Each structure stands twice: as C-alpha cells, then as structure tokens.
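What follows is each chain in one-letter form.
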Amino acid sequence: MRLDDLLHSTGEWLRGEGPESDVVVSTRVRLARNLADFPFPNRASALQCGEIESLLRERLQQLSETWQLTYWPLHRLSDLDRQFLVERQLISREHAHANGQRGVAIREGETISVMINEEDHLRMQAIRSGLQLDEAWREINRLDDELSERVCYAFSEEYGYLTACPTNVGTGMRASVLLHLPALTLTKQMEKLLRALQKMNLAVRGLYGEGTRASGDLYQISNQVTLGRSEEEILRSIRECVSDIVAWERNVRELLLREMRSGLLDRVHRSLGTLRSARMMSADETLELLSSVRLGVILGLLDDLTVPRVNALLLQTRPAHLQKIHGESLDSEEQDAVRARYLRAQLRHVQLN
Amino acid sequence: MKCFACGKQATVHVTNVEPGGVKKELHLCQACAEKMHLIQKKQIHLPALVHALLGAHLGPAAEELSRLRCPACGISFLEFRQQGRLGCPYDYIAFRKGLYPLLERLHRRVEHRGKAPRRRFLNSEDQRQVIRWRQELIHAVAQEAFEEAARLRDCIRRKDFHL
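Sequence lines, in order, name chains R and G. Sequential numbering from 11 applies to the first sequence in the working numbering. Sequential numbering from 3 applies to the second sequence in the working numbering.
Hint data in this document are derived by calculation from the structure and do not stem from the laboratory. Warning: the hint list may mix true and false statements.
Selected chain G positions facing chain R (Cβ under 10 angstroms, derived; list incomplete) [said to hold, decoys possible]:
| # | residue |
| --- | --- |
| 1 | LEU70 |
| 2 | ARG71 |
| 3 | PRO73 |
| 4 | CYS75 |
| 5 | GLY76 |
| 6 | LEU80 |
| 7 | GLN84 |
| 8 | LEU105 |
| 9 | VAL112 |
| 10 | ALA118 |
| 11 | PRO119 |
| 12 | ASP128 |
| 13 | ARG136 |
| 14 | LEU139 |
| 15 | ILE140 |
| 16 | LYS161 |
As the structure is a computational prediction, the values presented were derived from the model and not from experiment. Where a beta carbon is used, it is the ideal one built from N, C-alpha and C, also for glycine.
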C-alpha cells in the first residue's frame, strides 16, 4: 500500500453506510496500552523511544499478514503526509507534530490504525462507518489480545492498564461516535444537549479531537470515565445515549420538513449554489456548506448527489488532501482558490431540482 | 457571578468535590483563567486543570507529596502536577497517596473492572527494577561508562519480558 493510493477513496469512516448512518457518521473505539518495563514516551529518551518503536513495530509485523497492516514510520514522512493521515483520522494531531521515532500501522480499508509512541506506547483504534460500537470493540479487542501474547503490558490488578495520563487508566478505552446534527444545531438545541451529556460524564468534541471546534455540525461524543467500569458498561452507556440523540435529531428533521419546508429547501440550494460558484472557498466554509447539502441529500431534497459523494468532497477539500490532489504545496490563499475550482468542477453536473 | 481574581463577569467555573463531599468552587473570567493556564484560547487545558484540582485538595499533605519521587523513572510528583503526564507505570505505586484521590475524582470508582491481558504481567518489584536499570543505562552511556552500560544491558536482557 502506498500513501497516495488512499487519496481517491474516503476510507472506512466516511463510507456513509452502516446502522443509523443518516445521523451517525462513524464509530471509533481506541485502546491505550504501554509496555511494562519502559518509561512513558514523554519521559523516555530518544534511544528508548527507538527501542520501543522497533520492538512494537516488529511485533506488529508478525501480525501484519493476518491483519493486513502496513507500517509507516512517521518521523520519515513529510509534514504534508502526516497532516494527510490526521485528516483521515488515522493518527492524532499530537502524533503528527511530536518528535522522535514513532509510527503508525494501518489496516487495508482503514478500519484499524495502531499508533506507536503517541502519548502512550500504543494507541490502537478500530473505525466503522455508522453506529457499530460492538463491532469496533470486538475487532480492536481481538487485536489487543493477539498483541498481548507477544509483549508484556503495564497492568495492575487494581488500576487496570496503566497509562501516561490518569484520565485513561483502567480499560484505557475511549469509545467515540461522530454525529452529524444539523437540525439540532439549526434549532439551537445543542447547548441543552451538551449540558445533558456533561451530566452523564460524556465528552463532546469537534471533528478533529480534543479542543477542536464543532464545524460542519459534526460532534464527537465519547466516554470520560475509563476506570471502575467494564468495557461493555462503557459501550452500553454511550449506545443508549446516542440512540436518544439520533431519535431527537430525526424528530427535529421531520419537524423542519413539515413546518419549514421552503426555508430548508432554500438553505440546501443556497449552500449547493455557493459551492458550485464561489471563486474562493475556505476549508471551514466548505464543511459548513456541505453539512446543509448532506442534510438535503438525506431528506431527499437533492436527487443528484449521494452521501458517499458528499463525504468524499468533505475529505478531499481538507488542506492536505487538496494539496496532494493538486500535486504541490499551496499557501492558504492559493488553497482557497484551488478548493473553489475543485468544488466547481466536482459539482458542475449536479442537477438542481 | 464575578471573577474571583479581577471582579469581571466570570465565565469559567471549576467545581472540585473533595473526599467527604465538600465542594469548592472557583469562578474566573476568560482572561484570568487563561492567565492561570486553566484554559488556552477557549480550550480546556487538561494538565493544568488536573494541576488545579490536585492543588485544591492537597492541603496539609502538600509538603509530603512534594517530596515524592519515583524510584524507577525519577520523575517527581511536582513534575507530574506541572505536566499532567506520569513518567512510567511504576508511578501509580510511587505516587499512590497523591494519585488515588485524583483517580477517585476523575473516575469515581478506583477499581479496575475491565479486561486483563492474556499473558502474565510484571510484578511491581521487577517493573521498578527494570525501569530503574534503563534510566541508569542512559546515564552510563552519557558518561561513557561503557562497562557499567554493558552490565546494565545484561541485567535488562536477562529479564526480557517481551519474548
């Protein structure tokens, strides 16, 4: 697998299929693990980071055939390629910008990624489109079991899996669900929802993780508590909560269709119109406009587009993807012009009904 | 609600429930919270928040905790408080006194109920020993004490857990 081979697909998380995919974009379950006999990455010397990386890379290579994993040493990739992996949700921003020997193993189809020397020695995640918490958990659990037969993890009977940050100790598990909530956002229900989620000890983040703004009406909901509850208990609480949110978002969408049909039609078509005709277009504005278009497609207001097609545009207009498609690096003003041109070309043939 | 530090409108509210259920509240405006590094550019800064919460509950035990240092990786409890990141797995034992109340606050129940690794895991004594050797090895190499470095490498190799 070459990195550029990924360029023209969207990967698993934007496939636009799976249960509840009208509201749930994707599901992710990640596990944090550490070797028992090394300092955590932030405290490890350059030499130790190298030892950790080669040990774990070697163990992953033993599994690479059955698991179809390809390994990328991040310290040898360009900034652009690392940013490209961040945009595909295969590595974290922190992992992209860190120093020292580190890497990522990616499964074909991008359903699994395993980061080495992120905040913990190992961060492995399974990704699924739609709401598939159990499937994602089962898969990453199996990989974790196989790895745990080949290395000695830092684990204690009392605290569970030991992690660099006490917020991850115990199961080391963070399960997150990426939701598209345009109707709840439009009707200003989000603040109410955020307050309720906080009370349930669930965290809400934007598309690209900790500290990012929720652009494009995309919200990531994940568990905060990792200790004192089993993996199944954590997954159950998220599943129940997400089902409620999905039902709520659907209700409001139906209400909007019934009571504000012309307003909604106007919004969807204006968004599409802007995407088809603008001469300068930022990445964030693209996300916002595509959110309305995506809603229009799902509600049957636009016949000529599909959700996977909208998702592909969402990804391909992110800065690193755009520059790789264009074939050279661009400053942000050039990016805006190239992005607008790309969107015009991609949407030229869409019929407005 | 007014900012505790400057009296302007407070927009950042930190509530710390101490063991025994005593609530301590801290109200700050955006600017003062940023000054105290509790938040950065409207984002929550987790290490600093952990730091603030820890500092709030420490009280009289502060001095004892400030003297704690991990015998394996060498990080002090204060360094952990500043960075919000632990140095090695043995810190969970070395810093137990300071960590336990924090874990209680973060997770409520401090008792692992999830899965366990299939393979045996290290007892904490071995863990402390090997991480200690690894740190001594860094010093030995830096000081070009090659015989000592070779001895330490042998010790570590004999305990290889990842076979």
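Hints and how they fare:
Evaluation of the LEU70 (chain G) hint against chain R yields a violated restraint, the C-beta minimum of about 15 angstroms exceeding 10 angstroms. Contact between ARG71 (chain G) and chain R, as hinted, is not supported at the beta carbon level, the nearest pair being about 13 angstroms apart and thus beyond 10 angstroms. For PRO73 (chain G), the shortest C-beta to C-beta distance to chain R is roughly 13 angstroms, which exceeds 10 angstroms, and the interface hint is violated. For CYS75 (chain G), the shortest C-beta to C-beta distance to chain R is roughly 5 angstroms, which falls under 10 angstroms, so the interface hint holds.
Look at GLY76 (chain G): its Cβ gets to within about 8 angstroms of chain R, closer than 10 angstroms, so that hint holds up. Checking LEU80 (chain G) against chain R by beta carbon gives a least distance of about 14 angstroms; that is not within 10 angstroms, so the hint is violated. For GLN84 (chain G), the suggested interface contact is broken, since its CB lies about 12 angstroms from the closest CB of chain R, more than 10 angstroms. Of the supplied interface hints, the one on LEU105 (chain G) holds, with its beta-carbon coming within about 6 angstroms of a beta-carbon of chain R, less than 10 angstroms.
For VAL112 (chain G), the suggested interface contact is upheld, since its CB lies about 6 angstroms from the closest CB of chain R, less than 10 angstroms. Because the beta carbon of ALA118 (chain G) sits about 7 angstroms from the nearest beta carbon in chain R, less than 10 angstroms, this interface hint is met. A cut of 10 angstroms between beta carbons decides the hint on PRO119 (chain G): the least distance to chain R is about 4 angstroms, and the hint holds. For ASP128 (chain G), the shortest C-beta to C-beta distance to chain R is roughly 8 angstroms, which falls under 10 angstroms, so the interface hint holds.
Annotation: ARG136 (chain G) was flagged as interfacial toward chain R, and the flag holds, the nearest CB pair being 6 angstroms apart, inside 10 angstroms. Interface hint status for LEU139 (chain G): upheld, as the beta-carbon distance to the closest one in chain R is roughly 9 angstroms, under 10 angstroms. Nearest Cβ of chain R to the Cβ of ILE140 (chain G): about 5 angstroms, under the 10 angstroms cut. The hint holds. Among the interface hints, the one on LYS161 (chain G) holds; its C-beta lies about 8 angstroms from the nearest C-beta in chain R, closer than the 10 angstroms criterion.
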